[in-house]
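Sequence lines, in order, name chains A and B. First residue of the first sequence: 1, per the numbering used here; consecutive thereafter. First residue of the second sequence: 1, per the numbering used here; consecutive thereafter.
Hints listed in this document are in silico derivations from the structure and should not be mistaken for laboratory results. Check before you lean on any hint, since a few could be wrong.
Copies of the same chain look alike in the list, so a pair counts if it fits in one copy or across any two.
[Stated by the list, open to error] Keeping only pairs whose Cα atoms sit at most 25 angstroms apart, straight-line, the calculated DMTMM-like set for lysine to aspartate or glutamate is: (1) Lys59 with Glu242; (2) Lys71 with Asp215; (3) Lys222 with Glu193; (4) Lys247 with Glu162; (5) Lys247 with Glu141; (6) Lys180 with Asp224; (7) Lys71 with Glu193; (8) Lys55 with Glu133; (9) Lys89 with Glu60; (10) Lys226 with Glu60; (11) Lys180 with Glu60; (12) Lys217 with Glu141; (13) Lys253 with Glu162; (14) Lys180 with Glu242; (15) Lys253 with Glu193; (16) Lys71 with Glu133; (17) Lys253 with Glu150; (18) Lys220 with Glu162; (19) Lys195 with Glu133; (20) Lys195 with Glu218; (21) Lys247 with Glu92; (22) Lys220 with Glu242; (23) Lys247 with Asp57; (24) Lys184 with Glu242; (25) Lys89 with Asp148.
Everything numeric in this text was worked out from a predicted model, so none of it was measured.
2 protein chains.
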Amino acid sequence: MSGQRTGFSRREMVLGAGAVAMGAMGGGLLMGAVGNPISRAEAKEPQAVPWPYEKIDPKEAGRIAFEGWYKGFCSYAVASGILVSLQQKVGEPYRSLPVEGLRLGEGGIVGWGTICGTLLGVTVAVGFVAPYEVGKQMLNELMQWYSDTELPLYVPAQPRAEVGVKNASNSPLCHVSVSKWCQKAGKSFASAERKERCARLSADVAMRTVMILNDWKENKFKSDLKYPPALYGTTGQHNCYECHGSKVPSPIKS
Amino acid sequence: MSGQRTGFSRREMVLGAGAVAMGAMGGGLLMGAVGNPISRAEAKEPQAVPWPYEKIDPKEAGRIAFEGWYKGFCSYAVASGILVSLQQKVGEPYRSLPVEGLRLGEGGIVGWGTICGTLLGVTVAVGFVAPYEVGKQMLNELMQWYSDTELPLYVPAQPRAEVGVKNASNSPLCHVSVSKWCQKAGKSFASAERKERCARLSADVAMRTVMILNDWKENKFKSDLKYPPALYGTTGQHNCYECHGSKVPSPIKS
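Chain A extracted, bound-state conformation:
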C-alpha cells in the first residue's frame, strides 16, 4: 500500500521464465518452431505492462460498455468498453486478452455487493494500460468521482428502459450504490429500470476512464488526491460515519 516500496525488477516486469529468455534475445527477429525467422509481431512474446496506449473515443467506449452490460454485466461491460476499443485501435497485445474472463466481477463479485463491478473492470483495464503509479492516481480519482457524482449520465441511442432517477452513491460499493438508487427510484433490483441504470452507469465509468487516459496521453492528467491510508492510517472510504455512525473507532497506532 501507499508508503510501502515494492521490489519489481525490470526483469520481473516481463512475464515468467519464457519471457526473460525471449527478452534476452533482443532484436526484432525470433526463430519460429520450424527454424524460420518470424517477426516480433507474430511471435508469442509476453509484453510487460504498461501496454501501448493510443487515444480512443470516449463515446464509442461508452457505447460498447452499455451494450456489453446486456451481454456480460458491469465488470465485463466497462473492461470491454476500454479494452475492445484498444483491440480495435492498437491491436496486440490487447487482442490476446479475453475480456470475457472479467465477467465474475458482476454485482460486486458474483452478487456479494462489494466493489461496483464497473470499478473492478476499470482496475484491471487501467492496470494493463497505465504505469503503476499513474494508474493508482487514476483509480483514486475514479473511486472519488464515482462516489460523488449523480449517475447515470449516459443516454443510449436505444434504451431498454427509462431511467428517470440519478443518485450519488457516496460509496464505490455495489450494494450501497445499487440499493440507494433502488430506494430513491422505487424500483426493485430485478426491474428493467435497475438493469438499465447499471448499463448506463457502466457507460459512464468507461467514458470517464477513457477521458482520463486520453488526458494522460496528452500530459494533461494531474492528481493531488491523497489515498485513504495516508489520511486515516488504514484502508477505507472517506465517509467513515456512514457505516460506523458516530462511533468511528480509532485505528491502532503502534
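Let chain A serve as the given structure and place chain B on it in line with the hints.
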C-alpha cells in the same frame, strides 16, 4: 446478475475481429510475416476463456503468493500464485498475461478498503481458468470461506514477522478484514505484523483457490450455496446487521 441471461455467442467468446478471422482459418498452421508456416503455438491467436487447466501444487501457489505480496501486494500476490503456476505448468496462453497488471487491486483498490485485494486477484484468475457458471460457484464459495475462516493459516518458510493472531473477518471487504485484525492484534496498519498477516492471507487464498480448481479438475467440486441476490433481492453480504444494525431496510419489491 443471478437469474439474468447473457447473450454471448460462441463467436463473441473469441476476442475481436482478428480472433474471428484467425479462428476461421481452422487448422494447425498459420502463415508468418515472411510467408513461412509457423505452428499455432507461436502465432498470436487469442484464446477464448476458459483457458486449459492442469492441476497445480497448492503449496507452491501459496509460496508464490506469499513472496508476491512483498513485491506487489495482495491482488498481484494471489493472481500470481495461481497464474504464474499455470504459466510454468501449462505455458500459453497464461504466459501472455502480465500478472503485474493486476496490482491496482491492492488494499481494496488503491487503499479504498473495498473488496480484499486477494479476492479481486482470484476473481480475475478464476475468470480465465473456469467456465463462467462454475467460476461463479467457486467465487461464491471463496467469499463465504474467506468471511468465515480464522486467517491467516499459512506459515512461511522464511517469515518477515511473527503473526500470533488469527481472525474471522465476517466480510470479504479489506477495510473490515484488516481493521478487525489490527484491533484484535493491537498492531497498526503500517506494522510489519499487519503486512505479514496480509502476505500469509494471500497465500491462504491462493492455496484454497487452487484446491477448489484441482477438485473441479477431478470432477469433485460441488456447490449448492445460494447467491446473495437470490436470498435478499439485492446484492450484498449475508450479515446485513453488521453495517445496518437492527435497522435493515427492506429491498424494494416492485
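Exercise for review: With 25 angstroms as the alpha-carbon cut-off, assign the pair Lys195 and Glu218 to within, between, both or neither.
Suggested key: Answer is neither; intra-copy 35 angstroms and inter-copy 37 angstroms both fail.
- Task: Tell me, please, which holds for Lys89 and Glu60 at an alpha-carbon limit of 25 angstroms: within, between, both or neither?
- Result: Classified as within: same-chain Cα gap 12 angstroms, cross-chain 39 angstroms, threshold 25 angstroms.
Is it within a copy, between copies, both, or neither that the alpha carbon of Lys184 lies no farther than 25 angstroms from that of Glu242? both (17 angstroms within a copy, 23 angstroms between copies)
Give the relationship of Lys180 and Asp224 under a CA distance limit of 25 angstroms: within one copy only, between copies only, both, or neither. neither (29 angstroms within a copy, 30 angstroms between copies)
### Task
Check Lys89 against Asp148 for me: Cα-Cα at most 25 angstroms, and say if that holds within a copy, between copies, both or neither.
neither (31 angstroms within a copy, 45 angstroms between copies)
task = If the cutoff is 25 angstroms on CA atoms, where do Lys253 and Glu150 land: within, between, both or neither? Let me know, please.
result = between (36 angstroms within a copy, 23 angstroms between copies)
Q. Checking Lys222 and Glu193: alpha-carbon separation at most 25 angstroms within a copy, between copies, both or neither?
A. neither (36 angstroms within a copy, 34 angstroms between copies)
Lys247 and Glu141: within-copy, between-copy, both or neither at 25 angstroms Cα:
Answer is neither; intra-copy 28 angstroms and inter-copy 32 angstroms both fail.
Item checked: Up to 25 angstroms CA-CA - Glu242 versus Lys180, copy category -> both (13 angstroms within a copy, 18 angstroms between copies)
Intra/inter-copy verdict for Lys226 and Glu60 if alpha-carbon distance must be at most 25 angstroms: neither (31 angstroms within a copy, 37 angstroms between copies)
When no copy is specified for Lys71 and Glu193, does a C-alpha distance of 25 angstroms or less occur within a copy, between copies, both, or neither?
-> within (16 angstroms within a copy, 44 angstroms between copies)
Go through the copies and call it for Lys253 and Glu162: within, between, both or neither, with a Cα cutoff of 25 angstroms. between (50 angstroms within a copy, 18 angstroms between copies)
Going down the numbered hints, you'll see the structure goes against 1, 2, 3, 4, 5, 6, 10, 11, 18, 20, 21, 22, 23, 25, while the others check out.
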